[in-house]
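Visitor: One letter stands for each residue in the lines below.
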Amino acid sequence: MRISQKVKRILDNYESDNPGTKGNLARILMHGKLGGTGRLVILPVDQGFEHGPVRSFAPNPPAYDPHYHFQLAVDAGLNAFAAPLGMIEAGADSFAGAIPTILKVNSSNSLARPKDQAVTGSVRDALRLGCAAIGFTIYPGSDDQFAMMEEIREMAEEAKAHGIAVVIWSYPRGGDLTKDAETAMDICAYAAHMAALLGAHIIKVKPPTAVIAQDAAKKVYEAQKIDVSTAAKRFAHVVQACFNGRRVVVFSGGEAKGDDAIFADAKAIHEGGGNGSIIGRNTFQRPRDKALELLGKLIEIYKS
Amino acid sequence: MRISQKVKRILDNYESDNPGTKGNLARILMHGKLGGTGRLVILPVDQGFEHGPVRSFAPNPPAYDPHYHFQLAVDAGLNAFAAPLGMIEAGADSFAGAIPTILKVNSSNSLARPKDQAVTGSVRDALRLGCAAIGFTIYPGSDDQFAMMEEIREMAEEAKAHGIAVVIWSYPRGGDLTKDAETAMDICAYAAHMAALLGAHIIKVKPPTAVIAQDAAKKVYEAQKIDVSTAAKRFAHVVQACFNGRRVVVFSGGEAKGDDAIFADAKAIHEGGGNGSIIGRNTFQRPRDKALELLGKLIEIYKS
Amino acid sequence: MRISQKVKRILDNYESDNPGTKGNLARILMHGKLGGTGRLVILPVDQGFEHGPVRSFAPNPPAYDPHYHFQLAVDAGLNAFAAPLGMIEAGADSFAGAIPTILKVNSSNSLARPKDQAVTGSVRDALRLGCAAIGFTIYPGSDDQFAMMEEIREMAEEAKAHGIAVVIWSYPRGGDLTKDAETAMDICAYAAHMAALLGAHIIKVKPPTAVIAQDAAKKVYEAQKIDVSTAAKRFAHVVQACFNGRRVVVFSGGEAKGDDAIFADAKAIHEGGGNGSIIGRNTFQRPRDKALELLGKLIEIYKS
Amino acid sequence: MRISQKVKRILDNYESDNPGTKGNLARILMHGKLGGTGRLVILPVDQGFEHGPVRSFAPNPPAYDPHYHFQLAVDAGLNAFAAPLGMIEAGADSFAGAIPTILKVNSSNSLARPKDQAVTGSVRDALRLGCAAIGFTIYPGSDDQFAMMEEIREMAEEAKAHGIAVVIWSYPRGGDLTKDAETAMDICAYAAHMAALLGAHIIKVKPPTAVIAQDAAKKVYEAQKIDVSTAAKRFAHVVQACFNGRRVVVFSGGEAKGDDAIFADAKAIHEGGGNGSIIGRNTFQRPRDKALELLGKLIEIYKS
Amino acid sequence: MRISQKVKRILDNYESDNPGTKGNLARILMHGKLGGTGRLVILPVDQGFEHGPVRSFAPNPPAYDPHYHFQLAVDAGLNAFAAPLGMIEAGADSFAGAIPTILKVNSSNSLARPKDQAVTGSVRDALRLGCAAIGFTIYPGSDDQFAMMEEIREMAEEAKAHGIAVVIWSYPRGGDLTKDAETAMDICAYAAHMAALLGAHIIKVKPPTAVIAQDAAKKVYEAQKIDVSTAAKRFAHVVQACFNGRRVVVFSGGEAKGDDAIFADAKAIHEGGGNGSIIGRNTFQRPRDKALELLGKLIEIYKS
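Protein chains in written order, with the working numbering: chain X, 191 to 494; chain G, 191 to 494; chain F, 191 to 494; chain D, 191 to 494; chain E, 191 to 494.
Everything labelled a hint here was simulated from the structure, so no lab data went into it. Computed from a predicted model, the values in this text were never measured in an experiment. All C-beta atoms, glycine included, are put in the ideal place defined by N, C-alpha and C. Heads up, some of the hints might be wrong.
[Stated by the list, open to error] What the simulated footprint calls covered on chain D by chain F, stretch by stretch (three residues with Cβ under 8 Å from a Cβ of chain F suffice, anywhere in the stretch; the number is not a length):
id: 1; segment: 193–206
id: 2; segment: 363–371
id: 3; segment: 386–400
id: 4; segment: 427–439
Generate coordinates for the entire structure from the input sequences, incorporating the hints supplied.
Guide: Below is the structure:
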């Protein structure tokens with residue numbers, strides 16, 4: 191595998207990692223149509239766990255089949271495909287070597303009351319399934335956040351020792367956080383920074399709004415005249431919170447929405463120096479040709 | 191053991207599993223009168239734990255003896271016999287090789303208040319007792335659901351590494367779920383899908399009703415015009431939720447009921463593409479000859 | 191050690207156990223005056239933990255000394271002596287080989303509020319102290335029952351792998367159970383059955399009353415016309431719940447009571463097919479000669 | 191090391207222990223001015239943890255230095271010195287071989303609300319620091335008592351396997367216990383007995399009062415006419431609860447008090463057959479020469 | 191590395207530690223401009239975790255980059271740099287050998303409700319990253335304090351066995367403690383003493399106020415006429431609580447404040463015999479040249 195200069199510089203930021211882990215990061219960063227650019231588009235399919243199969247796949251029934259998603263990610267030229275254990279198991283052999291996979295090792299569901307997730311996969315699973323990385327969600331703010339952080343700490347240590355990269359979904363939720371606070375600028379940057387401090391190689395957060403939720407933070411935004419009035423500036427601010435760009439950060443698309451909004455997000459991420467998008471429902475809930483079309487355009491934005 | 195083309199195609203869906211685990215799945219799928227058809231009838235006897243010995247066995251006292259159930263399963267030509275530790279221990283040697291066994295490794299009882307189960311067996315037990323699989327119940331929705339999922343995750347990893355198949359009983363219960371919701375169409379499909387994502391080889395759920403319990407799901411059923419008005423369509427919908435048929439799914443019979451209802455269920459399961467029935471009280475609570483007769487007819491339905 | 195035909199048939203029921211474990215069961219079943227009959231009388235001395243030393247030993251002060259109990263069990267020709275760690279440690283060397291011992295590995299006390307017990311001994315302890323078995327109490331119904339069951343599951347697996355037999359004290363308590371329900375016929379049979387399903391070799395329960403506590407069970411007792419009007423019939427019903435007699439079941443004596451009541455119990459146990467008595471306070475709280483006299487008569491009943 | 195006949199007889203009571211553990215018990219029993227008499231005086235310095243440094247050491251500031259206590263115990267000719275990890279670490283090398291040490295492996299503090307302690311040392315620590323024993327506090331009656339008992343069970347098993355002796359501080363506290371009940375005669379005897387059953391080699395309790403706290407116990411005290419009207423009789427009663435004297439039992443001094451009260455306690459302990467005193471604040475909170483004088487007199491009492 | 195006489199004497203106080211651990215303590219004590227003096231200034235950068243990236247780094251944006259802090263610590267000639275996992279990982283290779291690092295292995299955040307921290311690093315991490323020590327925060331008084339103490343106990347045992355030094359941040363908080371009590375003289379001394387008893391090599395506390403929070407302590411301060419009226423006397427009192435100076439103790443700067451206050455603190459620490467300062471926000475939140483200037487002056491104070 192040839193490593194581009196751009197990717198080489200990114201890998202250099204992971205200076206404490208062993209060659210195995212860097213190799214897996216490189217697999218993700220060099221794969222697909224954005225391979226070598228330092229930008230990524232990842233397909234995550236854990237919505238069946240989070241929202242149930244009907245809400246996730248009924249709009250486009252072929253998506254009930256795990257192979258559909260592997261093939262979509264491959265054909266769209268994405269960087270990686272992320273999913274929970276059972277879905278990876280169902281296609282790992284057919285698509286071995288075809289696309290880097292990220293084993294999502296914890297999951298919640300819409301029947302649950304606590305703001306927590308169940309650990310549903312392991313580093314050992316990732317190894318036997320040939321995954322390049324594990325993915326783990328933390329809920330900063332939740333009363334279970336410390337337990338979640340301790341779970342990923344332990345799994346990340348094991349992953350790094352075995353050459354597996356670590357992706358952290360950092361989603362503020364629970365505790366004293368209001369709905370607005372969950373996507374507030376200060377909270378989002380905080381969530382991204384904590385993921386970086388926890389040792390994530392790749393950080394996934396939601397696009398932040400212009401809300402500032404914490405009073406103590408608000409004072410600083412005002413005193414330092416930090417401008418977060420545009421999406422691009424907000425994405426750039428999150429990049430800053432990720433060790434000033436030393437860690438790869440990608441943004442989720444959130445709920446299904448119009449294509450224009452998706453492209454606007456991507457342009458702003460690109461402009462703000464973010465590394466890319468992780469986009470699920472907006473792709474697999476539409477017919478395959480439409481999904482490929484949308485992903486193609488998205489990739490063009492990041493290539494520009 | 192000759193493997194039929196039908197079973198070979200089913201095994202191919204378990205593409206990440208090692209030959210040991212596939213071998214045990216094959217033992218179950220190739221055994222008995224339905225061997226090779228891709229359909230199964232399994233005898234589960236954990237009701238003594240769940241409801242007590244009197245409610246379970248007094249209607250047919252020979253059933254107090256564990257050997258009775260082994261023999262019934264063998265003589266009826268079923269695919270497998272599932273029971274908790276003590277019951278398997280009591281017959282494993284006498285019936286070694288006579289029928290594939292599934293060690294039910296967790297159990298609740300009718301004296302319990304929390305919606306949880308105790309882990310009462312292990313993979314190591316399954317290995318020493320020559321079992322083909324472990325069986326584990328999760329209660330999606332329960333406040334203990336994450337802990338239960340983490341237990342089976344750990345046990346499933348160990349099972350798969352040792353060539354033991356994994357059967358998940360996925361029974362929504364507890365939390366905010368109403369009694370009706372427990373068997374609602376959307377919840378049942380969700381429960382089956384989560385079992386698949388947790389890495390189950392065989393999924394066991396209850397037959398769904400036409401109720402849709404979650405508002406967010408209801409919108410999708412309506413928008414997508416999903417027809418779940420007949421039992422067969424509901425079973426087919428559950429099959430879809432099991433990775434579009436890539437995972438074996440069987441349905442429990444529920445409370446003791448009339449034979450016609452049992453046969454109607456089986457026909458609908460068969461028509462909907464479900465893999466079979468797991469039927470306990472409706473067999474062992476009647477005299478042995480009646481039970482054999484009922485099981486014989488059931489098998490005929492699945493053979494048709 | 192010569193094994194009687196009677197004991198050989200009992201051992202055959204433990205068909206999944208290794209020769210080490212069967213050997214230890216045989217040690218208990220072949221020891222003492224009832225050796226070889228398939229009947230047992232066991233001396234348990236954990237009352238010091240459960241009720242305190244004064245309530246247990248002050249009526250017969252020599253009983254403060256652990257050696258007193260070892261010697262009593264030996265001289266009375268009992269099958270085994272059961273006690274917590276410290277008491278076994280205090281006599282295990284002096285009485286090595288003189289009588290099979292059962293290490294009681296969990297204990298509660300009368301200062302405790304939760305319906306639970308502390309694990310106070312281990313399989314490793316049992317091995318170093320030359321014990322034939324471990325003894326463990328579960329409280330079916332208690333809110334801690336699942337944790338207790340998981341503790342004995344783990345210890346039983348370890349015990350069986352090391353050739354140590356497992357005795358379960360199954361005492362319904364806590365949760366929604368009323369005082370009456372704790373010794374009700376249906377609950378007692380249920381408790382015995384759960385111990386059997388948990389893999390116990392020897393089951394210890396309290397003598398059941400004629401009360402039926404659960405409505406769902408009551409219907410079955412009535413529908414099936416199950417006669418539990420006499421003590422012997424109730425004991426026989428418990429034996430049935432123990433895999434139709436495939437597992438050894440003994441009955442505790444409960445609070446100190448008149449000798450006639452004790453003998454009546456034993457006769458009924460014997461008549462009902464129960465395997466024997468486990469009798470503590472009614473023996474060691476009276477002078478040694480009186481205790482030997484009582485135990486002698488008890489043994490005669492079981493020999494008849 | 192020459193072992194006196196008296197100590198030999200005591201060691202014989204620990205009949206299940208390995209030579210390593212007996213050797214460490216012998217080190218304690220043969221050391222200092224009371225060496226060989228079967229009586230002990232131990233210096234415990236965990237008050238800094240329990241009450242803070244100022245309340246513990248300000249009355250005699252040299253006592254802030256860990257070496258002060260080692261030296262005091264050595265110079266006074268005591269049997270052993272007990273303290274938490276940091277304090278033992280601070281002097282273990284300077285005083286290696288000079289005096290047997292007991293590593294206090296759990297501790298509470300006066301800022302804590304739950305009736306529990308933190309485990310703050312390990313058997314491995316005891317081994318690397320050359321300690322003869324570990325010391326552990328249980329709070330019988332506390333809602334955390336079962337967890338505490340399970341902690342010492344596990345540590346005691348490890349200690350005994352590595353030749354380390356086990357000292358249990360058994361202090362009833364919490365739950366339904368009133369302040370008076372904590373030192374009541376029946377509760378103290380019960381606490382001592384539970385420590386013995388948990389496998390302690392040396393038991394430490396507080397001097398009991400004449401109060402009888404439990405109704406069920408009161409009946410027995412009255413029925414059996416147990417006389418606990420004098421301190422000596424109460425100490426003798428505790429000795430009885432320690433396997434009729436088969437286990438070494440020492441009594442703490444409690445709060446700082448007058449010398450006469452201390453000597454009276456010691457005389458009563460001696461008369462009642464108790465093995466000695468464990469005395470902290472009453473020694474190290476006074477000037478060194480006064481402490482040596484007091485300890486000298488105390489030792490004389492036990493030598494008489 | 192040449193070890194000064196001063197440092198040699200300090201190392202002698204850690205008499206139970208192995209040469210590996212002493213070597214790492216020596217690395218810290220001999221490094222930088224204060225190397226060999228027995229005094230230290232340490233740069234801690236865990237504020238991004240505790241308060242978020244914006245509140246921590248926005249006042250001086252280059253500080254978003256982990257390398258900034260490594261370089262600052264190196265250029266200022268400090269003794270060590272302390273930070274959570276991700277930040278150490280981001281610079282450990284570039285600055286290998288350039289400055290001793292302390293891996294902060296637990297962290298809280300301002301979104302959390304419980305007074306607890308998540309374990310976010312391990313001894314194994316410290317070893318692979320070449321750290322000289324681990325840093326761990328306890329919250330004495332918190333309802334989670336026992337769990338925190340047990341975490342550091344386990345990690346400290348592992349650290350010491352692998353030659354890694356242990357730094358404990360002892361910050362009273364939670365439970366019944368008022369805000370004033372958190373920095374009260376008696377509580378601060380108590381917190382420092384507990385850290386020492388837990389086996390810390392280096393203790394970090396906040397500067398104490400003249401408040402005495404506990405009644406029982408107040409009596410002793412009055413009775414013993416302990417003068418804590420000046421900062422220097424209060425620092426000396428804390429040193430006394432650290433085994434009379436046998437353990438290194440450093441003081442945090444607390445919130446950003448005027449330079450004069452910082453220098454006054456340092457002078458008082460120096461006069462009181464404290465070992466130094468651990469100072470974060472007051473340095474990295476100002477421009478680099480100003481920070482170097484401030485640190486230079488601070489070092490001069492400790493050199494005087």
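Visitor: With a C-beta cutoff of 8 Å, work out whether three or more residues of the segment 193–206 of chain D approach chain F closely enough for the coverage to hold.
Guide: This one holds; 4 residues, not fewer than the three required, reach chain F with a Cβ under 8 Å.
Visitor: With a cut-off of 8 Å between beta carbons, are at least three residues of the segment 363–371 of chain D near chain F?
Guide: holds (count 3)
Visitor: Do three or more residues from the segment 427–439 of chain D put their C-beta atoms closer than 8 Å to C-beta atoms of chain F?
Guide: holds (count 6)
Visitor: Are at least 3 residues of the segment 386–400 of chain D within less than 8 Å of chain F when you compare beta carbons?
Guide: Held - the segment 386–400 of chain D has 5 residues with a Cβ nearer than 8 Å to chain F, which meets the minimum of three.
When each numbered hint is compared with the structure, no violation occurs for any of them.
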